[in-house]
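Reassemble the complex: the two chains are provided individually, in unrelated frames, and hints are given to aid placement.
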Amino acid sequence: MQTTYPDLKGRFGQFGGRYVPETLMFALEELEEAFNLAMEDEDFLEELDHELTHYSGRPTPLTYAENSTKRFGGARIYLKREDLNHTGAHKINNAIGQVLLAKRMGKSKVVAETGAGQHGVAVATACARYGLSCKVFMGEEDVERQSLNVFRMKLLGAEVISVQSGSKTLKDATNEAIRYWAGAVQDTFYCIGSVVGPHPYPYIVRNLQRIIGVETKQQHHTLEEKLPDRIVACVGGGSNAMGMFHPFLEDKVDLIGVEAGGHGIETGEHAASITTGSIGVLHGAMTFLNQDLNGQIIEPYSISAGLDYPGVGPEHAFLSDSKRVIYKTITDDEAVEALIILSEEEGILPAIESAHALAQAFKEAAEMEQNQSIVVCLSGRGDKDVGTIMKVMEGSQ
Amino acid sequence: MSIRFENLKSKTKPLFIPFIMAGDPSPEITVELAILLQEEGADVLELGIPYSDPLADGPVIQESAKRAKGMTIEKAMQLVKEMRKRGLEIPVLIFTYFNPFLQLGRETFFHLAEENDVDGLLIPDLPFEESESLRQRCTEEQISYISLVAPTTSPERLYQIAQESQGFLYCVSSLGVTGERKDFHPETKRLLREAKSFTDLPVALGFGISSRQQFVEVGKVCDGVIIGSSIIRKVHQLYTECPDSWDVAFRAYLSSLTKEEASVN
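Chains as they are written, first to last, in this note's numbering: chain P, 3 to 399; chain B, 14 to 278.
Chain B extracted, bound-state conformation (with noise of 0.2 Å):
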């Protein structure tokens, strides 16, 4: 695991840990957004690679993709380095779907993620039967390999990925894509407690979290809450309106989202 990492031991909880898309709306603004989500008390970031193919994704990150189209995993370990220079200091992970992963090949991979700072891997279509080498070799690098479960895992399985797990713990909240919803699925708090039970590593929930009442009432049974869609479709829709002032109207949107003292309701 690397120190970046080690490090998320120490932090409040529930750790925030948004998702963007590298390349939506620019490289430019990937950065930018990045050193803002950093500012704005994010604890981990999930830098996603676009996919022509994105199984788990539901619309808003589908459309997301197409407009990051050209970007690679490559340029994106780039756009960390730029991070990087700009002060980001929590850890970055990279998502991406295997078969990009597998074109660019893992000795490059292992290569550019040591050369550009990258602290971990997620892999949503690689399940824990088929990673078991790649979990390893992550282990040797000092990357952590995220894993998940979902609502349909069962406890012997859950208990397996749980032991295996680096970094924290991904836990679905819903079944299906991901995008914004209003409930979770009825064994999500059964599916937390387990595998807090199985664990010391954080346990985060993603899926579908949108609500500054989601926000609350998941960070209190989990470690940490992944946020994706309602970023992106934010982010997407004020860059578009305004692309000079973007930024202040999403700080003050990530601060009604995630802070204790702007929740007036």
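One chain only, chain P, in its complex shape (with noise of 0.2 Å):
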């Protein structure tokens, strides 16, 4: 059985695990029961269910993409809008159910890193509505590309935190907020954005993200009458694709999670952790890195800030490594292609790191037969990504 991971040591089989300094290990432990608790509790579930209806708009639509199925001429092509939640994108799953768990743990401060500030805006909205003080850790790079939502999320009511240390990216940003919140334990809680991190992260992001298949299953029932024979989503920690994956894993359904390619693997350039990584330890779960063979750290690469990040979450590794889900990469130029087919085909424009799994389904899309259908994950919307595309075709010209 492939749902019944993870076990009481946090692992999904060799991966995941607790791997962090002792100060932290009652954090953990307290995080865990608090999490299994609210669970269980009806009145926790009522809350966070009204607010994810009322206040980000689920369920998201599943969208038939008529003109593309027709222009690759093979399986019927459906879209999960995740990109339709509030704050534009899937991230508003996640930072509603971890603020609103922070909230009934009694801690009136989060904590949070972010790489493009999604996750990051995420937190912010959801600690202004929930009325929790946020600081948000930035590696100083991202801090200067994405300088809108670092004011959006200033406007949002958060302090941003540029992370001189390290490469100043989303690494030393989640390392640099894992060092905040290790001297502040008592009082705040660590809202992680993605499925890694020590167990329970991992496991609560995961289920806090499910809502994504769980409403796919459904609604594709209501549409075709039968399960779809192929999912695909994009990966770099992997949330948006393990909430999608795991309703499905016990299903006669087809998983495909698509890494980032960046320049292609041949060049070193991409953050392809699973596709060439291997076994360590980072942020405090054993999984799959890009890594030296003393250990270090490699930095990645992305033409999309949410897929660049050394490693992948532990229940993807799992998953590859037992095969249950292929791993596959696309690079920046096919990720543009297929943004901009889709903004011309749908009239949707999809996020960057969402046209890694869209450049991947058409592909297969077109190999498959008429009456079969594929499922792709719309984790977000591009509008953030408007610069660099703008960029990519003004220098292709």
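Treat the hints as calculated values from the structure; they're not laboratory data.
Watch out, some of these pointers could steer you wrong.
[Unchecked claim] Dumping the calculated SDA-like pairs for lysine to any residue here, alpha-carbon to alpha-carbon at most 25 Å:
1) P:170 with B:72
2) B:82 with P:11
3) B:79 with P:303
4) P:11 with B:172
This is the structure we're talking about:
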């Protein structure tokens, strides 16, 4: 059974676990217990459901991409519209859940890490609504690249801390958030943004994102009266993919995760930790990492800031190892092309992260039968990427 | 436990346990620094291995790790060999994050530790629950596996960890990361008292200790004082200013920190 994980030690097979300094151990135990109790508390579940429905706008639709389907001539292509969530991506599902949990645990302060700023904005949003203070750690380089999201977070009342350490990107923002948390652990909740980190985080985030897959299953059944044949989602840390895949793990459905191939795997400039990485420990979990032979972490590269992470959620490492999910890579160029196609064909501008999943799905759909269907998790909208895409298109002219 | 750790029992307390980063400012100076620290009264040497993502460390040790980039566990072990040749007799423990250790591999580590006279191992991000088989193996190999406890460690957990501790028990004085601080966590005294009642091994305090006053105060309530960031900061500063005679000024600094007679105030 693929769905019985993690085990009591927080492991997915050999992956996951809890590799943190002793100072944080009590906080992780406290968090695990609080989350498990909350998940059995009907009042909490009702509040969460109410907020997801009336605040975030769930359920998000499953849109039939008719023009794209015709263009590729194969399987019917469906888009799970996480881009239509409040704040524009699936990140809010997790942020609402964790911030409500923080409030329930009596913590008054929340800290988070962010790369491009999508998770930071989602956490700042939830903290504004539920009345908690919010500190977001963001690498100095990302602060410069994503100044609009920095301003959005500030507007929402969050404090944005520019991280100067290490390589000044998501990996270092995560280090710094964990370091800060270790020092403030008694009244502060750490709201992690993906299915990464020490147990119970990969488990908590996956469960808060499962709603993506649960809705998809129902909606697809209403439209097609069967299960989809194939599902595709992009994987950085892997939260949208885990949320989408998990409810389908026991079903006869092909699941495909798509990693960022950057400038191409052969160039070494990519963020494909499952495809090319080796087993190691980062940010508290054992998983696949981009690292050198001495165990030093190698900084990843991708056009997409949301996929630009040197590791991957431990459950993905496990599902890859057990071959339940197949992982592929899509380059920057392929993702940009898919983003343009979807904009032109369907009038939907996807996030550059989600465009990686789309690019793979277009390839798959073309080779599938017309009576089959394929679902793409459209994890976010692309408004934030307009500047990047503009530069790419100008550069190629 | 190695014979060098056994010898700690007869040493005057508090034990002085400095932490230095292998390779900072250079491999050669690391060896010299170790010898100098022994001459100035160090009882155990903690030798850090630089890591790209040191979660438990504050800015001073992070910067030190950056300067020492390229140093590995294997190379650091060769430095220990060199230190031994130059007369280092105190126990040396390797301080490394788990990932570099994992990539080197357990077998290689123990092989190198034996070959190069290393006495202990400390992995700050490998908690008690994950270290059981490694602790056992360390016992077999006569390597002391150093365990940490923090102000947030519950009494039950503290008991468990203290019972299984080897070499000495490392108490963390503050929440958060390594680095110099004015105050310790209010639970620190409780932690030390309980720790001492649970083990016969020396109980040492680390994280945040940087002044003579702190050294004296801490020395009264535990058996050992661990000092990292302030030593690293000082060596870096003195070596940058004066690479030829940094050691003279550094000796003076150490005396003012750890020795009774040098304390004028």
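Now the hints, each set against the structure:
1. P:170 with B:72: 14 Å, holds
2. B:82 with P:11: Given pair residue 82 of chain B, residue 11 of chain P is violated - Cα atoms ~33 Å apart, limit 25 Å.
3. B:79 with P:303: Roughly 21 Å separates the two Cα atoms, so the pair holds.
4. P:11 with B:172: 21 Å, holds
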